[in-house]
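K.L.:
Each chain, letter by letter, is given below.
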Amino acid sequence: MSARNTGAGELFAALPEADEAAQRRLHTRLAAAAAAAGILDVAYRTVDTPVGTLLVAATGQGVVRVAYLVREDPDRVLEQLAERVSPRVLRDPAHLGLDQAAREIDEYFAGRRRRFDLPLDFRLSHGFRRTVLSRLLEIEYGSTASYAAVAAAAGSPRAVRAAGTACATNPLPVVVPCHRVIRSDGLLGGYAGGPENKATLLALEAGAAA
Amino acid sequence: MRRQPFEAVVDRYGPTVLRVCRAVLGPAAAEDAWSETFLSAMRAYPALRPDSNLEAWLVTIAHRKAIDQLRAQRRRAVPTGEVPERPSPDGVPGGWESDLWASLRALPLKQRQTVAYHYLAGLPYAEIAEILGGTPEAARRAAADGIAALRRTYLEGAARS
Numbered sequence: 001m002s003a004r005n006t007g008a009g010e011l012f013a014a015l016p017e018a019d020e021a022a023q024r025r026l027h028t029r030l031a032a033a034a035a036a037a038g039i040l041d042v043a044y045r046t047v048d049t050p051v052g053t054l055l056v057a058a059t060g061q062g063v064v065r066v067a068y069l070v071r072e073d074p075d076r077v078l079e080q081l082a083e084r085v086s087p088r089v090l091r092d093p094a095h096l097g098l099d100q101a102a103r104e105i106d107e108y109f110a111g112r113r114r115r116f117d118l119p120l121d122f123r124l125s126h127g128f129r130r131t132v133l134s135r136l137l138e139i140e141y142g143s144t145a146s147y148a149a150v151a152a153a154a155g156s157p158r159a160v161r162a163a164g165t166a167c168a169t170n171p172l173p174v175v176v177p178c179h180r181v182i183r184s185d186g187l188l189g190g191y192a193g194g195p196e197n198k199a200t201l202l203a204l205e206a207g208a209a210a
Numbered sequence: 001m002r003r004q005p006f007e008a009v010v011d012r013y014g015p016t017v018l019r020v021c022r023a024v025l026g027p028a029a030a031e032d033a034w035s036e037t038f039l040s041a042m043r044a045y046p047a048l049r050p051d052s053n054l055e056a057w058l059v060t061i062a063h064r065k066a067i068d069q070l071r072a073q074r075r076r077a078v079p080t081g082e083v084p085e086r087p088s089p090d091g092v093p094g095g096w097e098s099d100l101w102a103s104l105r106a107l108p109l110k111q112r113q114t115v116a117y118h119y120l121a122g123l124p125y126a127e128i129a130e131i132l133g134g135t136p137e138a139a140r141r142a143a144a145d146g147i148a149a150l151r152r153t154y155l156e157g158a159a160r161s
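Protein chains in written order, with my numbering: chain A, 1 to 210; chain B, 1 to 161.
It is possible that part of the hints are untrue.
What the hints assert, rightly or not - As a list, the in silico SDA-like pairs of lysine to any residue whose alpha-carbon atoms are at most 25 Å apart:
1. B:110 x A:24
2. B:110 x A:17
3. B:110 x B:49
4. B:110 x B:147
5. B:110 x A:11
6. B:110 x A:8
7. B:110 x B:122
Please keep in mind that the hints were generated in silico from the structure rather than gathered at the bench.
Turn these sequences into a full structure, and let the hints guide you.
P.N.:
Here you go:
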C-alpha cells in the first residue's frame, strides 16, 4: 500500500491483492466467452517438446505462429502478434484449433506423424518469403532439399540467399518444415530454433522414416 | 506507442478489478461483473487510444457493469424482498466475504464505490468524479465517510469480538 492509502491498508487486508484461483477461473471463463463472441483474434498456448517449449498461436484461419521459447522471449512474440495481427490476444489452452495443433505436435515428436493436417494462416509472411514457405510444405518427411533447390522451386533460382532468409524467418517452424532445407555442401545451415534443434528434428525424421 | 496484447492487460489489471468488484458487489456477483468488464473491454480494445490510462478505463467499465449487476439484483429481489446470497465458489467461512463484506454492504453505494475506486484501484478523486458524476470534493468526502464507517463497524467490531 502506498502512502496515499496509509491507514486504509489494514481495512482491506482481508481482501486479497491477488486471488490466483479466482484469476485462473475468470481467465478461463473470459477466453471461452471471447471465443464464443468471435472477438478472440489470436489464441495461444504452449506445448512442451523434446526441443523445448513451443508457443503456438492461432487465428480463426489457422495456426499463425510457432515460436521456440528457448530462442525467443514470449512477451516479444505476443507483442509482435498484437502489432501485426490484432491486440485481442489471449492464452487459451482449451482453444479447439490449438488443442489439435498440440496433439499433432506431440504425435510428430513421438514419431507417429509425418505430416501436419492443420489449417495454417500465412499472414505473417509476404511476397517471395511466402512463396518459399508454401514450397517447403512439399519437402517430404525424412528428406531434405538445398537452399538452391528451394529458390528454384519458388521461381527464382538465383535468390538462394533470399530463400535462406525466408527459412530463417519462418513464422511457423516445425509445422512448415524449414528444418528440411540444408546447404548444398551438406552442412545443416542455420535454423530459427537453433542448429542443434535442426539436427534433432532431422535425426528424429531419419530414425522414424527408416 | 504500441498496444500491448490483451493478455498482458488481464494479467496486470485483473486482480485490481476483481478487488474493486468484490468491494462494490460482494463475492458472489463480483465474478460476473469482472467477466462482463473484461469481455466488454476486449471488444473495445482495438479502438482504444494507445496512450489511454488502462486502469481508469477498466474501472469505468467495471463501474457500469457493477451498476448493471445491482439493477439485476433489485429486479430479482422484487418478489421476495431479499436477494438470496449465492455461495461464493471460493467462500471461506469467516473469510473477508462474511466480515468485511458485511461492513461494506452496510455503506451507501456511493461510499462503497469511492472507497473501492480510490483505495483499491488508486484512482485520484478527479477521475472518480468523472466516473460517478459530482465534484472531486464530494467524492473525497464520500470516501472519507466510508472509511470512517468501516473503521467503526469492521475494525472495532473485530476488536470487540
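K.L.:
Look at each hint and say if it fits the structure.
P.N.:
Hint by hint, here is what the structure shows:
| no. | hint | in the structure |
| --- | --- | --- |
| 1 | B:110 x A:24 | violated (30 Å) |
| 2 | B:110 x A:17 | holds (22 Å) |
| 3 | B:110 x B:49 | violated (29 Å) |
| 4 | B:110 x B:147 | holds (12 Å) |
| 5 | B:110 x A:11 | holds (18 Å) |
| 6 | B:110 x A:8 | holds (17 Å) |
| 7 | B:110 x B:122 | holds (16 Å) |
Checked against the numbered hints given earlier, this structure breaks hints 1 and 3; the rest are met.
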